[in-house]
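Chemist: Going line by line, the protein sequences match chains C and G.
Numbered continuously in the working numbering, the first sequence closes out at residue 225.
Numbered continuously in the working numbering, the second sequence closes out at residue 850.
Since the hints were made in silico from the structure, they are not lab data.
A virtual CB, placed ideally from N, CA and C, is assigned to each residue, including glycine.
You may find that some hints are simply not true.
Estimated spans, in silico, between C-beta atoms of each pair [stated by the list, open to error]:
#1 C:F129 / G:A849: 21 to 31 Å
#2 C:L82 / G:S623: 37 to 47 Å
#3 C:F80 / G:S549: 52 to 62 Å
#4 G:P600 / C:A223: 26 to 36 Å
#5 G:N672 / C:P75: 46 to 56 Å
#6 G:S549 / C:S40: 48 to 58 Å
#7 G:T653 / C:F129: 29 to 39 Å
#8 C:A167 / G:S614: 51 to 61 Å
#9 G:A590 / C:V13: 54 to 64 Å
#10 C:A46 / G:L676: 15 to 25 Å
#11 C:N95 / G:R610: 44 to 54 Å
Just some of the chain C residues that point at chain G, by a computed CB distance under 7 Å [said to hold, decoys possible]:
#12 Y43
#13 A44
#14 G199
#15 S213
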Amino acid sequence: MPIDFLAGLVGLVLTLLIFSYLIGDNPLFRLATYLFIGVSSGYAAAAIWHFVLIPKLFNPLRSNDPAQLILAVIPFILCFTLFAKLLPRISWIGNFAMAILAGVGAATAIGGAMLGTLIPQSLAAMDMFDVRGLDTAQAFTRLVQGAIMLAGTVAALGYFQFSAGRAPDGTPKRNAFFEAIAWLGKVFIAITFGTLFAGVYMAALTAMIERLSSMINFIRQLAGI
Amino acid sequence: MAGLQCPNCGKENPDFLDNCQFCQTPLRAESSVQFGESPVKKHTGELEPILPQWLKDVRQQARESAEEDAAEEAAKPKVSNEPPDLLAGLAAQAKDEGEEVPDWLAGINPPEKTSEAEKPSASGSISDFFAQFEKSEPEPELPRVEEEPASQSAEMPVWMSGSTDSAQAESKDELSEWFTQASMEESKPVEIESNELGWINDATTLPSFNQPEPAKEPEDLSWLHALEDSTKKPEQPSSAPAFAPDSLPGAGASMPDDLNWLNQPGGSSATAFEAPVPTQPEEQSPESAPEDLSWLNSLGGIEIPASPHEAALPVSPADALDWLTPQEGQTISPFEEKPAESNLNWLKGGGQETLINPTPAESTSPFTKIPTGALDGGDAVPDWLKSATEEPSMPAPGALSDWFKDDDAAAHSPLQPVPIDPNFIPAPMDAESLSNQDIDSLFSVKLPDWMSESESKIEGDAPQQTPAIPASSDESLAPVNLPSWVQAMRPAASAVVAEPVSMSEEAEREGPLAGLQGVIPVAPIGSSRRPKAVSLKLQASNEQQSAASILETVLAGETTARAIGAQSIVTSQRILRWVLSGLFLIVLSAMIYMRTQNLPISTDLPASVRSATSIITRLPQNSSILIVIDYEPALAPELEAVSGPLLDHLVLTTHARLVFISTSPSGAGLVNRLLLNTGISSPAGINYQPGTNFVNLGYLPGGASGVREFIDAPSIAMPGAVEAAFSEYAAVVVLTDNGESGRLWVEQLVAKNQADAGYFAFQPLLFAASAQATPLLQPYVDSEQINGMVGGLAEAARYEFVNNSRPGIARIYWDTFGAGMVLGVVMMIFGSLWSLIAGLRARRNAAEAG
Chain C
1 MPIDFLAGLV GLVLTLLIFS YLIGDNPLFR LATYLFIGVS SGYAAAAIWH
51 FVLIPKLFNP LRSNDPAQLI LAVIPFILCF TLFAKLLPRI SWIGNFAMAI
101 LAGVGAATAI GGAMLGTLIP QSLAAMDMFD VRGLDTAQAF TRLVQGAIML
151 AGTVAALGYF QFSAGRAPDG TPKRNAFFEA IAWLGKVFIA ITFGTLFAGV
201 YMAALTAMIE RLSSMINFIR QLAGI
Chain G
1 MAGLQCPNCG KENPDFLDNC QFCQTPLRAE SSVQFGESPV KKHTGELEPI
51 LPQWLKDVRQ QARESAEEDA AEEAAKPKVS NEPPDLLAGL AAQAKDEGEE
101 VPDWLAGINP PEKTSEAEKP SASGSISDFF AQFEKSEPEP ELPRVEEEPA
151 SQSAEMPVWM SGSTDSAQAE SKDELSEWFT QASMEESKPV EIESNELGWI
201 NDATTLPSFN QPEPAKEPED LSWLHALEDS TKKPEQPSSA PAFAPDSLPG
251 AGASMPDDLN WLNQPGGSSA TAFEAPVPTQ PEEQSPESAP EDLSWLNSLG
301 GIEIPASPHE AALPVSPADA LDWLTPQEGQ TISPFEEKPA ESNLNWLKGG
351 GQETLINPTP AESTSPFTKI PTGALDGGDA VPDWLKSATE EPSMPAPGAL
401 SDWFKDDDAA AHSPLQPVPI DPNFIPAPMD AESLSNQDID SLFSVKLPDW
451 MSESESKIEG DAPQQTPAIP ASSDESLAPV NLPSWVQAMR PAASAVVAEP
501 VSMSEEAERE GPLAGLQGVI PVAPIGSSRR PKAVSLKLQA SNEQQSAASI
551 LETVLAGETT ARAIGAQSIV TSQRILRWVL SGLFLIVLSA MIYMRTQNLP
601 ISTDLPASVR SATSIITRLP QNSSILIVID YEPALAPELE AVSGPLLDHL
651 VLTTHARLVF ISTSPSGAGL VNRLLLNTGI SSPAGINYQP GTNFVNLGYL
701 PGGASGVREF IDAPSIAMPG AVEAAFSEYA AVVVLTDNGE SGRLWVEQLV
751 AKNQADAGYF AFQPLLFAAS AQATPLLQPY VDSEQINGMV GGLAEAARYE
801 FVNNSRPGIA RIYWDTFGAG MVLGVVMMIF GSLWSLIAGL RARRNAAEAG
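If we strip away everything but chain G, and leave its shape as in the complex, we get (with noise of 0.2 Å):
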């Protein structure tokens, strides 16, 4: 056996398959028609040829039949009333072999049924199967049908005759008085209020169509045992009316239309609860092909409403075949076990032209909506075949809108809720009974060889058939243009995105759709609708973004590591340094070693110099000045050598009492060492004396509040302190080698002048300052808050030369200091050199090596 191989997964299956076996995909292109697909008819003209000979007959004698039975209704006077001939297609065939599908088999497919019907002129061709429904008085129906079937028996299939003669007795009174009951009961029309469409939605809110009767007799389907017992008699002769012995293998031609009745259980509704009544049973003749059916007029002793304007009751095809479907305590075991697969599918394929996707509402739909308006008279259509052609309009106000009366809506609804009368006797309404499946069962108990054969051979194909549904197909009732206003209150269309629905590949188990394959969607709960992805990207400008890449680069550069340039080696750091080290040590030794004192010494002062000389020549005598030392022990020499020239020249001017305060805790052990380098308290000198000549007050802490403090109150700030004012000092000379401590003298002291003026505006502050604190506080010197400064060696010894060479100390250092600033500058000065020619060489080497 060849397989077939999966065009999506690639695996072998066999070839009876149509879906993969294992990924369930459709195996064959033209096997399954998928959701929104229109169905393609197919040619069922080829099974022509397997039909046997006698069914060929029957078929060609229908056709000649139809055409002497369109000529006689052309020559009648039209009748309105008479209901629709869905059967006619059988006569109207075309004899023409163009033709797509055999006119028999094109018969049974109710669409196409519906356009013919729905032309006046095939109004001729009822048949007399809905005929019978038509009549208002059936009962004379009766007799004539048990005639016809007298004569005919011997020429009836057995298993036909065996049925109908066992069964037309018990059947015909029992669901003959069914019938009739239920069609003179005053049908109401049908309401329904809009609160009680929900039974739509739930079947289960149809219990009264499944109440059971309890009125019911046991014996009301006997006919079918006595039909089921008849198959098992096949020799015995049948009288049965129902089945002209014509229409069978080995009849005579004079029953055209015998085969009628096989387009009714596949095809379209019954209209006989429809149809007007004003049908003549006299009008058709014994010997007219209509009546060949006439025995099942009579079989259930039906009784069509008299008055056309009695509204009939809707009554889907399965409520027609109710009188098939055993009621409630009947004993029927052979039918009811029959299997839901033994459907009426081998008559749809045997019999008209394959509808490879039925809808389900024609298969499976066990209640269609039979519209009334056929009752009124006046137009050979049915409302109902309208309905699926017509627009509908606007309902009127308060009364039931058309489309949900005659739509493939309500045609499509398994359950209706409609009143019944309580005295109708419902068959049972279950799934299985309610299904045309018993009533293929019925029929496919024993069939005859050529109708086995069809069915097993529609059957074959009905795999892929079933699948798919033909949404679009015209022939179904599904194209029925909604109103406006009901489109709009269809929540469906706006709420069902348009996305790829998939079919449930699945057939129904339970309910009105058992059997079906394809017909619900399955979308998927949950994961249909993603929620849309946010964007996280902020939407920052031009600017915040150049922002933010700046703000990127800076901290990217605070992380990256910084390539160190290459140091050298350190021995020759190292060198470097001892050449160095050694060199100063090597020429200022030498300088000092030799006492050189042949640098000349400029004369000419620097103007704060000769300020500061100025006021100290103006000082009264005897005055007490005010000497702060604010220098550290290192800078001393500096300082010793800085303000020597300056307190000699106060000492010997003035012979001031000199009163010392420091600003730093070792400053107070200074001011002796002062002294004694100085000359001022050395004994081959001045000889200043501590107490008498001099008073060293000691630290004063506290910093700038201190300075406040003491020039504030200098006896409260130093307790040692004589003077208690500080206006009592007559000059002010601070010794500093740190500008910013220096400063402060000077900010407290011009604070404590401005906020009381004249407090000591002549009190002159001087200052001898280190050469590293002279340029900070060169701006006070050029703002004259300070009168007078001696900044550094240089002005020290040209204060000193000045001063007579007093105390000698700058002039001592002059030389080697001298040496050793031109030492410095030509070490810088080669140095910088050597590192321009090593940047230079470096360079060149980098430039050479690429």
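Excised from the complex, chain C in its bound form (with noise of 0.2 Å):
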């Protein structure tokens, strides 16, 4: 009990130092927020230690197969050369390290977004347009959904076309088509734009409501109410 009740209490003043900022930036905010990045910095370093290096870099070396000791040997010596990136006369070392860490990651990030985004996305936006199946009511609001689909994607799409051609004054500007599909697009990016609002708005709202009634029932429990 001491320790839930020391546990609201530093959020409760945690909390109210954070709200401190509504007034201006003060000590306060400022310490709540060191307080924040360190205790933050210290659990995500002692995860990575706890979650990673342990049981991924040194534990392996205590393995009596040569196989997975020599496996756990080249990562250790990669790991090891990344600390050379600290002192710039010697930070090549590391380069090799960082080379495979870039080249993997990308490689994975690309082949990923080819074959589960653009390929699947795609095709899902082909395949509003296939009724078959439905009936003429699901058809007709799939063939409606489809084509605002098709149709918010190819207008958002030639928003950011810019490639224009040159007004008789010497301005660039696009045909009339180009223009109007521009315009479109801008029109379902706006609505995009406002949907993505509307999500951090409730995000931060429902967090702030969890704040609030964690405060108030801290509040509660302190006055026994």
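Dock chain to chain to rebuild the complex, using the hints, since each chain is given by itself in its own frame.
Modeler: If you want it as structure tokens, here you go:
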């Protein structure tokens, strides 16, 4: 109980310190910020040490299996070379490990994006007009939905099409067709931004409600209400 | 003394100056003739009144005698080989007063004489001075010449008589021998090779003319000394036959042409050496006017070449007067020391029409090439006169060009490379001795008053006449039309740019042009041809210019500071922030404090939630479910409220073993909080036990690579994983607040599924996403890459309501969430209207302010 009380109390104080930013930047806000950064970094370091380095780097070195030991030494050496980045004179030593990280990460991300996003999403946009096996109402609804999605996708892509011709006065200007597409794309993009803002607002509102709820509940507990 | 004002600089100058002493601008428009202008003849008849009476009488007598001579000549048969009488102008003068120039003055002008001499009728008025050179045997003339002066010596001016008296004996012998020797020599045709033309440019290439004759006799010009002495003895009677006493003041009218000698020094060149021989001495009577100067024939004892075919040696006027120049070794101090300015201008001005701009060749050319064509006979007009008027023709191959022989180029050339006979005794060819200045000085030692007066008068006008050159004068030798092939060979015509060429204002001091002014054009060196300024303007098309203008506009827009919109007062912003924050805090706190659950919740689940519910119900019992923690602590309350119904449903339905893995370092610590708040691990709830019912594998590093590695080999990627293969997980539930990180799981799972078909074809992928990540993941839900998703508190509340209001977190927040949504919407609408009204007011104020 005392731990829960202290935890609740610390939480309440830190929350008030963060709320103090509403009246402007102040040392209390900065104190809460510094505490959050420090605690988060420490927790992250502990988590990495506990969940990454110990089980994946040091434990294999204690293996009796020579093959596993060799496989464990290679990442250990590469990981050790990364410390050379701290010294500019020998920072080149860590370039190889960094190259592996960047290359493997980029290749994985690109492959996943191609196979998991671009192609499937393109196929999904095409399949929206496939009304096979659907009744009229469903087909109509699907077609309308598919048409809106297709129009939104094309219009949004058309908005980012910056190639343009030249007006009689020499100023660059897109033709009327692309101008209309761009205008429609801007509408869809605005709707998307509005949707994202609404999501952010709802997420923040939920977090605020939770914080206020915890504070009120803590006060209630203190007050015995 | 009245001064003249310079038209250029405006400064005062003395009136006797012709050019401004400050800027050298001509003060009188008529004082100078510029280059290229034709000289204007001036009437010299006005000099008539100032002439002495005796000279007027002489002139009158000359006219009369000329008429008589003309009548006699007309009566006589025409002698074709007679030399032209260049002095015939005196006898052929017109008597009418309408003539611009007195004839006796015009007769001195050589060019006019040439025109007169071209007439065959004028041949009768040949001067004896020239005729003497035509005589093949001048010796018989000598006695006759000696006889005449004896009777006329009394009437002769003392200064002339004295000179002739003292000089006749010595000079006659010496110079006559010299002339005889020169004339007896067989003249050789002039041969000028093309490579010898350099002498034109370099006068120093003629040393042969300056070579002194070693056989000179020191007493050659002793007669000149005697002449000088005679000038000091005017009382001494003279018996010199050179000047007829009648021609002098007080003399009788029997010698009308006795002043012809005046025409010679400043006039045309002596043609004696080219004159044909066949002139008979007997034909000229001693009483006739031409014979008055016959004493000159015997003066030098000249032997005229007997054969007309013998080419005469081209002799310039200076050559003709070489007998007057002292030879080397002789002591001729009085005349050599005469200044160069004592030229023959007094003769030109006083004896003929005043030629304002005398041609340099006429006055200073020491050598004048005399053609020998006249010796061929048959034509009374000498070739050298023809050459001045006739157009030269194309020379025969190998022959010397006529223009080169005869034209003005030869006449103007100072020196000619004439082969010199070793026996030829040239006179000293120094610049001083070659010029007529010595001759001038000879006669200017002591002049009669009338001559001195005339000379001084002319010299007073001389500065006005000398600067310019009559380049286009018809009287000069200039108007020669060169043949086309010669013109084509002249590079100067094409090389010289038609630019105004200024003439040198300074008189030449050396060379054949000594004393002349404005002869050599002064061309600026190095600055006359400036390279044309190359335009640096780029030749750009309209399209390029428009593109450049666009680029310039863009660059200008980047560098131009944009006007920042007027900011509201900070205090108002802060107050507004405080007001809004206060409203939210008050409203939400009140809703939370009241714990109201009055807002209704729709039971119509979204398709994604419905799909998720369906999948959960189909999962096998006690299967391992992979739960991915992919959110930060800040959004943990939302994710706990969103994922609560899903996890509660999953646990209650399947009693699945939950395997937690986190893709963020802090995610591992959120697992216990999630299970505790959702009531899964709480004793009052499901009471899941760690290690038995759920496993927290911890943090999975590496991002997409880590995900891919975990998918390939969960036990290798996460050593705490019990499942050796990813397919051992019955379902994958991703709890994410970020669409990007959540997309990694989708992509890597789909990629693995396509690479290994059927690997986990029936392995469902469920998402519990924050409201801010839901829009980004919705396309994957629509494409069925995500089998089910619960997004945001709204869907979670519905799912929770369907799930028997378990765990109830969403429902607790729901009223407050609803109030906060309404408050937010109202504030945004109110703020928009406020902004609209404020904008309209600002526009109206701006419109009123103009």
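Chemist: Given the range 52 to 62 Å, decide if the beta-carbon distance of C:F80 to G:S549 lies inside it.
Modeler: holds (59 Å)
Chemist: Go ahead and decide if the range 54 to 64 Å is satisfied by the Cβ distance of G:A590 to C:V13.
Modeler: Given range 54 to 64 Å: violated, Cβ gap about 22 Å.
Chemist: In this structure, is the beta-carbon distance linking G:T653 and C:F129 contained in 29 to 39 Å?
Modeler: Since the Cβ atoms of G:T653 and C:F129 sit about 36 Å apart, the hinted range of 29 to 39 Å holds.
Chemist: When you take the CB atoms of G:P600 and C:A223, is the distance between them in 26 to 36 Å?
Modeler: Hint holds: Cβ distance 31 Å, inside 26 to 36 Å.
Chemist: How about C:G199: closest beta carbon in chain G under 7 Å, or not?
Modeler: holds (4 Å)
Chemist: Per the hint of 51 to 61 Å, is the separation of the Cβ atoms of C:A167 and G:S614 within bounds?
Modeler: holds (57 Å)
Chemist: C:A46 and G:L676, beta-carbon distance inside 15 to 25 Å?
Modeler: Given about 20 Å between the Cβ atoms, the range holds.
Chemist: Could one say that the CB atoms of C:F129 and G:A849 fall in the range 21 to 31 Å?
Modeler: violated (57 Å)
Chemist: Quick check on C:S213 please, does its C-beta sit within 7 Å of some C-beta on chain G?
Modeler: Because about 5 Å separates C:S213 from the closest Cβ in chain G, which is inside the 7 Å limit, the hint holds.
Chemist: Using the nearest Cβ pair, does C:A44 come within less than 7 Å of chain G?
Modeler: holds (4 Å)
Chemist: Is 46 to 56 Å a correct range for the gap between the Cβ atoms of G:N672 and C:P75?
Modeler: Distance hint for G:N672, C:P75 is violated at roughly 30 Å.
Chemist: Could you see if the CB distance from C:N95 to G:R610 stays within 44 to 54 Å?
Modeler: holds (52 Å)
The structure does not agree with the numbered hints 1, 5 and 9 stated previously, though it agrees with the rest.
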